[in-house]
Every structure is written in C-alpha cells, then in structure tokens.
Amino acid sequence: KAGVTQTPRYLIKTRGQQVTLSCSPISGHRSVSWYQQTPGQGLQFLFEYFSETQRNKGNFPGRFSGRQFSNSRSEMNVSTLELGDSALYLCASSGGFSYNEQFFGPGTRLTVL
Amino acid sequence: AQTVTQSQPEMSVQEAETVTLSCTYDTSENNYYLFWYKQPPSRQMILVIRQEAYKQQNATENRFSVNFQKAAKSFSLKISDSQLGDTAMYFCAFIPNNAGNMLTFGGGTRLMVKP
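Heads up: the protein sequence lines correspond to chains A and B, in order. Under our numbering, read the first sequence as residues 144 to 256, first letter to last. Under our numbering, read the second sequence as residues 19 to 133, first letter to last.
Calculated from the structure, these hints are not laboratory results. Since the structure is predicted, the reported quantities are computational estimates derived from the model, not experimental observations. Glycine included, every Cβ here is placed at the ideal spot set by N, Cα and C. None of the hints are false.
Here are the in silico distance ranges between beta carbons for each label pair:
1. Leu-154(A) to Ala-90(B): 40 to 46 Å
2. Pro-133(B) to Gly-171(A): 36 to 42 Å
3. Lys-156(A) to Lys-73(B): 44 to 50 Å
4. Gln-26(B) to Gly-238(A): 30 to 36 Å
Let's have the full structure, built from the sequences with the hints guiding it.
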C-alpha cells in the first residue's frame, strides 16, 4: 500500500502571498488531519476532514483553511502569509476513529521570507 | 482542554541499554487513547505504541512497552535493548474517544542512542 504523500516537499514564499499544500491519504482512508510543527510551538493540530467535511478544527486564525475532495485527497491553504507561518506542515490519514493509528506523510517545509 | 507534558527535552542512552521517557497528561475525560510516536531525522512520523485508557494492562510492542498509570495521568515509554535506529524525537499524544483524529501532542523528547 502506498503511504501518505504530500506535495510540494519544500516551498519558499514571501509575506502576504498565499500557499496551497496537498495531501494524498492512504487508499481507503477517509480522515485527513493537518498539523503544524515549529520549534517554538511544537506540533499543533490545524484541522481534520472526514468524508469531505471538516470534523475538527484547531485554534488557528481563519487564514488557515482546508478542504477534502471526494477521493479523500486534501488541500490546506494559508492566505496572507506571515513570517510565523514558517513551519513543517504534516498531514496524517486514518480510518477515522480515535483509536485508529494516524499515518503521517513526510511533510511540506514552508519558509516565509 | 487537554494538555500533554514531556518533561525531558533530551535524553541519551548507550546502545543495548534501557531508557524510559516520561509523559504526563491532563484531562477530564474518562475514555481516551494514548500514543507514542517516533520522528526520526528523516521526519516521517511513525506510531510506536498505543494504549487504551480503559485497559489496565500495559501495552507492549517488541522492545517498547509503556507504564500507564491512569490515576496519576502518567504514560511513560520504556525502550529496552536500545538500538542506533531508535535515535529520534519521541512524542507522546492524547486523543479522547469519539474525538475524531484530533491528536494533542507533548513537546517531544529527543533521544540519542550512543554506540
């Protein structure tokens, strides 16, 4: 089975721009979660999509948004980028239940200049 | 709101020895799940071990075992016969039952296994 894939792997943007990151889950998984990882704040939950609906949302500003398509692929968008948005963005897929293992992708390293 | 605390930012252990990583959490939930995830330098996060709060028996996975103390809200990870490949960041994570897949992570412990 192919693992979770994320594209692009690296991204450099400037302040004020917007960015879209993509995540393809493991085949058959209906849940995709997004996390932001920074040295200062650690791993923080952004949001979760399950069957094309946002099921959970973390404590992030509205500049962070996402969506999920019918094939379970997910995208997250960050608008009006700030320097503090520089981070590793991880997505994880699972069957959707809390006890399920979440399978993580390799991440997208976003640098905001 | 749940919080997860890992009090040891860095640890080191000699190859073949045993090391224990600490994790405490705070929650008002009674039914939940706890996880230890490993993030090697390559960055791909992988599950090490999982514990259901309603199970009193501690989970084990080969060289990895946990000491789950529900009353104390403690969930430590013991790695036996440490190997060089165990060098990684280890994250303790918590999720209430029926909360979808919204993991709350601790700050992580960087483990270095020395030859």
